[in-house]
Amino acid sequence: MRDASAGQTERQLIRLAADGDLRAIRTLYDRYAPRVYAVVRRIAADDDLAQDYAQEAWIRAIRALPTFRGDARFSTWLHRIAVNAALQALRKMETRAKREGPAPDDVPVAPVHSDSLLQIKLERALDELPEGMRQVLILHDVEGYTHEEIGDVLGVTSGTSKSQLFKARAKMRALLGDLAQDAQEDGAEAWSI
Amino acid sequence: MEHLTAESLARLVDEPADAAEQAHLEECEACTAELAVMRGQTEALGALPEILPPMGEWDVLEAQLRSEGLIKDPGLVRKLGLARTPAWMPAAASLVLFLGGAAAGAGVTAHRTGEGSTVAESTTVEDAASAVRVAEDHYVTAVSHYRELMERDGVDDTMTDPISRYAALEHLVSVSQAAVRQAPGDPFLNGFLASALAERDAAARMVSVSGRENWF
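Protein chains in written order, with my numbering: chain A, 1 to 193; chain B, 1 to 216.
To be clear, the hints were calculated from the coordinates, so they are not data collected in a lab.
Where hints are given, some of them may not hold.
Some chain A residues close to chain B (C-beta under 7 Å, calculated; not the full set) [claimed, not checked]:
id	residue
1	Y37
2	I62
3	M133
Partial list, derived from the structure: chain A residues whose beta carbon lies under 8 Å from chain B [what the hints assert, rightly or not]:
id	residue
4	Q55
5	T146
6	R173
C-beta: ideal position from N, C-alpha, C; glycine also.
Just chain B, with the same shape it has in the complex (with noise of 0.2 Å):
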């Protein structure tokens, strides 16, 4: 009796057999038994997992992305148009206490309840790492709430008013300042307020280039 050949029995892993070899199938122990393993192995290869990158690759690649220009990371501030326009600062306002409260709180102030673990207080990787996630989910709600914001009012990038927009940095600085005051080794928060204060002091300078010294 002449056996199914192999390239036969791996084709019919998905396809149907003809009638002849239905029928050595039928009769042939060696070919069955054959093809539940050839069955096993194509099973076996679909539920292959998933590999973790080497350590590092993230590393590597944040750097060429940057070197590429992909990844534009000009500041908390300016990227999120805080120093723009007056018409801002209330949405401004929020935008810092909710990141205050959410992505930073997360990692920081650790006493929030009610939205799952937190980084302080997971006792395991994988409670932190989701805990991670979470304060990411709420980073990327809050900053597409803040543009959902911006185009709803019609924000004209022209705006340039130095009096307004020194007005909105102080107003931004003093809740930055009561976020660090709460939160004080908080790096993200730190950041955050360093920026607004520079781009404070740059408005400032600004106004007094206008000719408007002593305006405050």
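Chain A extracted, bound-state conformation (with noise of 0.2 Å):
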């Protein structure tokens, strides 16, 4: 009962966000900017970035309303839309970078958002992996795409996806070697968040 109303609430928030209202579309951002951020976070591995691909992926989706159909869910069309700005917008980066010359190494460690010493260990070991693997493995291990879906958002096959992968949690291991290490010691409950 109480979700068959939040739906119907959420399809009216839509609908009146569509077409403009200011208060609608502050709702719809309260409710899902945590997952937009988080998501373009870790993909871009940049704070500065992450909120300049946050704010693209929500311009998109405000100015794509008017098409939503209902299809998906709001938050998964929402989250596909983010996966996607961030995307386009690195590859942009990259483009330019190219063209420009090699970017410094020194790039600050984002402080995270997490009171939680593994959480922290684990989002600056994402931020260390090579840009191709940290997407796969946010992708699918934080975000639970599949590697059809993966190899569509990134135009690559579902194989190369599963090769990425597998590489990615093997540099993951061996970034959070300690923390490994202190896991094994005191069994599978270290790794509860």
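Hints in hand, dock the two standalone chains.
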């Protein structure tokens, strides 16, 4: 019962937001901004870029709201827009960087909004992964995409996605070596967040 | 004994082992433990929480949305279509009362009962946020209801009878004034009243221009 009324409210919200209703847009933003920001932040591995990507994702989404038909859940639809916005922006940036020469190595590690040591270590290790591995690992292990979906989003085969995933997990394991050692000594509980 | 590679163990997190791998795992404690760690790592990644965006992100976004014309905020009276036709008057009056009691009332009058906590009564940030969410839902429901009424009544946007329009707005002003008397400090109701007064005055000028001065 509660779910049904919540769904109805969201449909109303989407309709109002598509018509440019500020409060409806703000309500959708408040509801989904943390999810949007999380995925673009992890893909970007940088706070400043993440803010730009999140803004771009929201603008794209609000612009496209009149075309949202409700075939998928709104959260899923919005999430896909956010992923695409971040990936496309990264590609643009890389293309520009290739033209302009190498970027400095000392990219600062962004602060992580978490009070868990494990979460902080995981986020930092994610930031250190090579970009291709990071994208696949985030989409698969963090966001729950299938390899076929990852293939669609990244423009690679599902086999490539799998291969990148296994490499990324192994690389993460190496980056988290100390933590994993602690986990071995303390048992699986040490991994729980 | 040759151990399984890290990439093989990464694959075994969510794919079955072949016969050779299975045989090795049954004999090798190190690889079994390493696989358990890899599984724990994957589970931990799946449990990573959402991340709050930085403060001020909404303000930047709102400015961008406005600059692109994606926010249409022409003033509440016009947005709700209250000035268009006297057929709206009952719905408009109901809506004003509804909004005054629910959306704005949650934040200011704070004396409603039976709908959970209100902002003014809240003692924690979480309670206040919850009350604001309830108020938002009321707002959305009210506006949607109003739209349904509009569609059901088959409103003709071309109907611009200035006298009827003025009468509808006059009624709206009086209802708004009553609401403001109950909650004089409420910015929502005061803004609503100001919009209604401006629309009414504009309608009065239209009446005058149409050569029907002193009709009232």
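Hints, verified against the model:
1. Taking 7 Å as the C-beta contact cut-off toward chain B, the hint placing Y37 (chain A) at the interface holds, the least distance being around 4 Å.
2. With 7 Å as the threshold, the beta carbon of I62 (chain A) comes within range of chain B, its nearest partner Cβ sitting at about 5 Å, so the hint holds.
3. Given hint, M133 (chain A) at the interface with chain B, is violated; its Cβ is 11 Å from that chain's nearest Cβ, farther than 7 Å.
4. Interface restraint check for Q55 (chain A): the shortest CB-CB distance to chain B comes to about 6 Å, inside 8 Å, so the restraint holds.
5. Annotation: T146 (chain A) was flagged as interfacial toward chain B, and the flag is violated, the nearest CB pair being 11 Å apart, outside 8 Å.
6. For R173 (chain A), the interface hint holds, the least distance from its beta-carbon to any beta-carbon of chain B being 6 Å, beneath 8 Å.
The structure is inconsistent with the numbered hints 3, 5, although it conforms to all the rest.
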